Amino acid sequence: MSVIVLRLILLFAVLSVIYIGLSAFDRWQVRERLRSEHATGQGGKLTEEDYVHKGLANYERSWRRKLLYGVFLLPFLTMLILIYVANYQ
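For the sequence shown, counting from 1, position 25 maps to 430 in our numbering; every step adds exactly one.
Since the hints were derived computationally from the structure, they do not count as laboratory data. Model, not experiment: these values are computed from the prediction. Worth double-checking, as some hints may not be accurate.
[As the list claims (entries may be wrong)] Below are the EDC-like pairs computed for lysine to aspartate or glutamate, each with C-alpha atoms no more than 20 Å apart in a straight line:
hint	residue 1	residue 2
1	K459	D431
2	K459	E437
3	K450	E437
4	K450	D431
5	K471	E442
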């Protein structure tokens with residue numbers, strides 16, 4: 406039983422590193438896109454910092470939860486489905 410718990414902890418740690426890496430990379434891409442949009446004049450009267458901050462706030466609401474589901478929930482659901490199929494098929 407302790408081997409299973411150890412493997413689950415290791416899996417959670419690996420998924421956490423993947424999540425942090427994907428999140429940081431995606432935030433960096435969004436930030437760069439917003440900066441280039443502001444440089445072309447799409448920001449209106451907002452400063453670049455305010456425009457980027459507002460755009461990143463929208464990102465936080467939309468993609469953060471989807472990334473959590475994709476990195477953590479989807480692999481565990483897949484694993485549970487595979488275990489169920491293997492045992493009861």
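What are the numbers of the hints the structure violates, in ascending order?
4 and 5
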